[in-house]
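Let the hints inform the model, and build the full structure from the sequences given.
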Amino acid sequence: MKTATAPACAACDAPAAEWNGQLGMVLCSSCTTAATGGRERDPVRLGDILPVTTAALRVSVPSQRAGSPMTCRRCGAQALWHRTVNGRWVAIEPGERPVAGVPRGERWYIAGDGTAVNLRGASPTDTCRVTHFFLCRAR
193 MKTATAPACA ACDAPAAEWN GQLGMVLCSS CTTAATGGRE RDPVRLGDIL
243 PVTTAALRVS VPSQRAGSPM TCRRCGAQAL WHRTVNGRWV AIEPGERPVA
293 GVPRGERWYI AGDGTAVNLR GASPTDTCRV THFFLCRAR
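In the working numbering, each residue's number is its place in the sequence shown (first place is 1) plus 192.
In short, the hints are calculated from the structure, not lab data.
Errors might be hidden in some of the hints.
Derived DEER-like restraints, expressed as beta-carbon distance ranges [to be verified]:
1. Ser315 with Ser260: 24 to 34 Å
2. Arg296 with Arg237: 52 to 62 Å
3. Ser221 with Pro243: 25 to 35 Å
4. Arg296 with Trp273: 39 to 49 Å
5. Ala202 with Ala314: 50 to 60 Å
6. Ala200 with Ser315: 55 to 65 Å
7. Cys267 with Ile241: 56 to 66 Å
8. Phe326 with Ser260: 14 to 24 Å
9. Asp240 with Glu210: 26 to 36 Å
Yeah, the Cβ is synthetic: ideal placement off N, Cα and C, and Gly gets one too.
Here's what the structure looks like:
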């Protein structure tokens, strides 16, 4: 008569492995711990993690910072100073314009934190902002 032996671990072939229903395979205790973070893990109730998840989702997106207002000394038009990605300042005209009518290098986007970003490429249907110096009537 043969004696029943415990199955070997599917991951490391160690003897005396047990069936792990969560992973659907036979594993030894060290491989079970490595795979699940613990020998036995109870299911997590949705009600336990919802308050934490809800609190994490309530973190608001920063509001777009308005630029500092300026008046052009040459033409008297109003514009807004915005800091660029490189730390320089650029005067941006109010309002957006279709990208198709603005040459490359003159297309700007104002990021959520108020930083002016020069658009390298854009879809012709997109909109962009323009520097005041590009449109200044006195230049």
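Legend entry - Indices of hints not satisfied (ascending): 4
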